[in-house]
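Undergrad: Single-letter residue listing:
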Amino acid sequence: MLTVKNLKKSFGGLQALKGVDIALPDQSILGVIGMNGSGKTTLLNCVNGIYVPDEGEIILDGVNLVGLPVHKIAGIGVGRTFQVPRVFQHLTLLENLDVAQVASQAGSDERYALAEFWLKKVELFRLRHNYAEELSGGQQKLLELARIMVAKPRVILLDEPFAGVNPELAQMLIGIIRDIPKKHNCAVILVSHDLTSIYQLSNHIIVMNEGVILTQGDAATVKSDPAVIEVYLGA
Amino acid sequence: MTSLIFQGVLNGLILGSIYGLIGVGLNIIYGVLRVVNFAHGEFLVIGAYFAWVLLQYLGINPFIALPISFLIFFGVGYVMYFFLVPRMSKSDDPETSSLLLMFGVSISLSATLLLLFSADARTLNFAIEPVFFSFGNIILPTIRLVALLISLLLVCVLAYFLYRTQVGKALRAIIMNKDAVSIVGINAERLSGVAFGLGIGLAAATGVIVAMVFPSFSPFMGNDYTLIGFVVIVLGGLGHPIGALIGALLYGVTEQVAVVYFNSSIATILGFSLMIAMIFIRPSGLLGQRQLH
Chain A
1 MLTVKNLKKS FGGLQALKGV DIALPDQSIL GVIGMNGSGK TTLLNCVNGI
51 YVPDEGEIIL DGVNLVGLPV HKIAGIGVGR TFQVPRVFQH LTLLENLDVA
101 QVASQAGSDE RYALAEFWLK KVELFRLRHN YAEELSGGQQ KLLELARIMV
151 AKPRVILLDE PFAGVNPELA QMLIGIIRDI PKKHNCAVIL VSHDLTSIYQ
201 LSNHIIVMNE GVILTQGDAA TVKSDPAVIE VYLGA
Chain B
1 MTSLIFQGVL NGLILGSIYG LIGVGLNIIY GVLRVVNFAH GEFLVIGAYF
51 AWVLLQYLGI NPFIALPISF LIFFGVGYVM YFFLVPRMSK SDDPETSSLL
101 LMFGVSISLS ATLLLLFSAD ARTLNFAIEP VFFSFGNIIL PTIRLVALLI
151 SLLLVCVLAY FLYRTQVGKA LRAIIMNKDA VSIVGINAER LSGVAFGLGI
201 GLAAATGVIV AMVFPSFSPF MGNDYTLIGF VVIVLGGLGH PIGALIGALL
251 YGVTEQVAVV YFNSSIATIL GFSLMIAMIF IRPSGLLGQR QLH
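Just so you know, the protein sequences line up as chains A and B, in that order.
For the first sequence, this note's numbering begins at 1 and goes up steadily by one.
For the second sequence, this note's numbering begins at 1 and goes up steadily by one.
Be aware that one or more of the hints could be misleading.
To be verified - List of simulated lysine-lysine pairs, DSS-like, C-alpha gap at most 27 angstroms:
id	chain 1	residue 1	chain 2	residue 2
1	A	Lys223	A	Lys5
2	B	Lys178	A	Lys152
3	B	Lys90	A	Lys8
For the record, the hints were derived by calculation from the structure and aren't laboratory data.
Sequences are here, hints too, so could you generate the full structure?
TA: Quick look at the structure:
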């Protein structure tokens, strides 16, 4: 269970988060939508330690993550992908996934087996000896997802996973993300501008606007909320 | 003439392999930390003096001094990293700051060596039998052949570490993207310390080999080796550890074959011309396409 309480973050005079509260149950998907600059990515950056919040708590399974360095938060079980994938370009796909298991106590056979499992899952197995730089942008997103999953995270933060991905890969990605919570005992925070995917995948959705949660609920509630229609959909 | 050229090539490979070790260490430090280690040559000279002290006062064979120097100076480098580098990385221009800082370290170290050992050149009184090894018309000091083997062995061990072990892969990964390394749960600071320690340890170990191969060494030699280190990493590819070895072999062979035809001044000019040509033709170096950052 991930709980975020009264999270605040400012950059100079700009208040990016003005007191955000989130409760993310195990094995669930939380969709986060909002206009550009609404604080979605800042929220993710606070949860995985890239930013230290000014106020508030981020508690994963009883551990307060605030103030911990990024690598420790990752070690506790928070995985993260980015809008522009940050794969290790000049390592092979297998090496990318092996490096992500440095904290694991497993031997190399076990590590490689897990890496191969995830490469098969994201349909990149045949390219396992290729360098990551040889992949398309969409394939790099799949690799990045596989890379966080080999670390067996408790929560994964996916920042715009469908941006710049062709429809075929996006469908595959949707299928994989849908399976992750139940099959791998992992909760997901999914930030995306792709409303269709958010509505398809999320158990719960929050709509952010200017650093606060404008509204929240299931897809039907969010879709019909007049404030969301006005602020987010512009209709 | 053919045998002279062949001898020149062999000498070039031997010197190139030693230069390669200098370049590999320098490149690991630059690749991972973006630190321009201007004091690299001084650590090499310290390694040479370390071997001299161990032999002179404790009777320890340089072949044993070599791993000892690596381990001790790995530790020194690891600790030094935490004193020097994190503060530099807070600067607006960390690469220039690192160059200036390490230049200061270089001057301090060579002055300390001067204070401790005076300006007199020292020699490692050490030989292995037979002193010379001959293949037909080609005669080479046996110690140089042994140095070649040790250098190649060290490079192979290092290549195995970097390309086959998980920590080595993580080191290569940090060259490519330091932030992403933290995100997958690796302590990037500790790994950076390992990289700095590895570079300094390699420099000291190379110093032991230099002391065995060359007739003498003095506190003022550090800058020459640093300069050679920079030439070979420009040739091989900045930030690419194995590229440095290839650049070094190319530089060593060019220099030594040129000595056969011309003289040592022309050989030096040719060696540096090679670097200038590389910057014009292929600025990323020989292995630039496979660069690790």
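Undergrad: Run every hint past the structure and note whether it holds.
TA: Right, here's what the structure says about each hint:
Restraint check for lysine 223 of chain A and lysine 5 of chain A: satisfied, since their Cα atoms lie roughly 25 angstroms apart, inside the 27 angstroms limit. Taking the CA atoms of lysine 178 of chain B and lysine 152 of chain A, the gap is near 21 angstroms; set against the 27 angstroms cutoff, the hint holds. Simply put, lysine 90 of chain B and lysine 8 of chain A have alpha-carbon atoms about 25 angstroms apart, close enough for the 27 angstroms limit, and the pair holds.
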